[in-house]
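Novice: Below, each chain spelled out in residue letters.
Number of protein chains: 2
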Amino acid sequence: MANTTDLLKQHLLFCNLSDEQMAQVGRHSRIVSYAKGSHLFEQGDAATHFFYLVEGQVKLSIYSASGDEKVIEVIKPGGTFAESLMFRDAPYYPVACQMLLDSRLVSIESRAFKLLLRESVDTCLAMLADLSKRLHGLVSEIDNLSLHSALCRVASYLSAQAPEQTLEFDLNVQKQVLASRLSVKPETFSRLIKQLCSDGLIELNGPRVKVLNPNGLRALARSCSQDMESFTDSFYLSS
Amino acid sequence: MANTTDLLKQHLLFCNLSDEQMAQVGRHSRIVSYAKGSHLFEQGDAATHFFYLVEGQVKLSIYSASGDEKVIEVIKPGGTFAESLMFRDAPYYPVACQMLLDSRLVSIESRAFKLLLRESVDTCLAMLADLSKRLHGLVSEIDNLSLHSALCRVASYLSAQAPEQTLEFDLNVQKQVLASRLSVKPETFSRLIKQLCSDGLIELNGPRVKVLNPNGLRALARSCSQDMESFTDSFYLSS
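Order-wise, the sequence lines are chains S and W. When the letters of the first sequence are read in order and numbered with my numbering, they come out as residues 1 to 239. When the letters of the second sequence are read in order and numbered with my numbering, they come out as residues 1 to 239.
Just so you know, the hints here were simulated from the structure itself, not pulled from any lab data. Honestly, I wouldn't trust all of these hints.
Same chains, same names: a pair is fine if it fits in one copy or spans any two.
Restricting the straight-line Cα-Cα distance to at most 16 Å, the calculated cross-link-like pairs of lysine to aspartate or glutamate (EDC-like) are [stated by the list, open to error]: (1) K76 x D143; (2) K185 x E55; (3) K76 x E187; (4) K76 x E203; (5) K210 x E164.
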């Protein structure tokens, strides 16, 4: 049983539990394994448990009356699911759950866990603190992701414009138009140009752009896609 | 005062409060305005309040002993900050807060709000449900964002490869190599190719690619950047 609780302790929902509380969770948890393609629960089944995915990959979907599937979420190792149903006492799973890969999960009895929370407002508050901190982290990541990708587009445009010999050219398109073409808002475009200047990659004199560091600018232009993939990786490893 | 509480009710932290609880929050909240550049609090100040940003933009930073600034987070309208400190009873703000734009905020007394939560485990649980649901939503968005951007890169590569007349060509690069060049994992690459086939954009026969819908493929190739900006917009409007 130590194994189960050791696994759970890495997750936000469980990291603040006392040893005694953790032992209580352990008594109402078990490790289960499911083969790829098998179903853990169907839409409308009684929501008696929530789950922590240790290994594998899990799909949550809803099905229309005509049988069309809409995937709501794909859960990766380290993630929990159905815990928000538990918090809100939802009686039924509103989604179906199927394994996308062979998977190992910890299945936790919702009623037992909820009882533990009801007995300790402090635990609830600690959990709220962790969840809200994590939310802020994700919002920042999304913001960075999106800003960085805009920066790449601007870098990539400027890099393509610069003549190889002189590295100087006029921005002979209106800023508004250029921003729209690069799919950024005009004020974001101005901020990004400023950032490229302060990073020493370009210099701006009126409409005249001088590329100071062509290799740096090209590297930045190429970096967006790479960053995104590695970001997702690191996200799931750390969660 | 109705104004303050109407504003707050749109946020996860407040949407589950009863009218009575909301009135209690209202009695311990006030709307404050700060000019661009002014400081709301400094690193180390007593953390007596948390905040809901109505209008403007706010920066949270830490400063090293030598005075170097590291921006931790930029808050946009609809966002709260310092609430996780409140949940965990942190006595001091670990960051400094400065206005990036002229801003209007609701300032809420941490002690009063915390008292309200201590009196109602149900409110805590409802809040936990909302936060965990929102977390799942953000994780999915990040996943989609990153997958969609990978799909664009693949679409853009294929679109560039296809001869204008025949629209057919051989994928004469090893899948592994191509995947790495496009900064996706090989298994992701295979999944994306399958998706393009099932969407009717391309057809694959061994190594031979036939573009069935060149306009659709080009539109997809161009769509990534656009999507990202509009995603961030809609994110902040809905939060």
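Novice: Which of the listed hints are not met by the structure?
Specialist: 2 and 4
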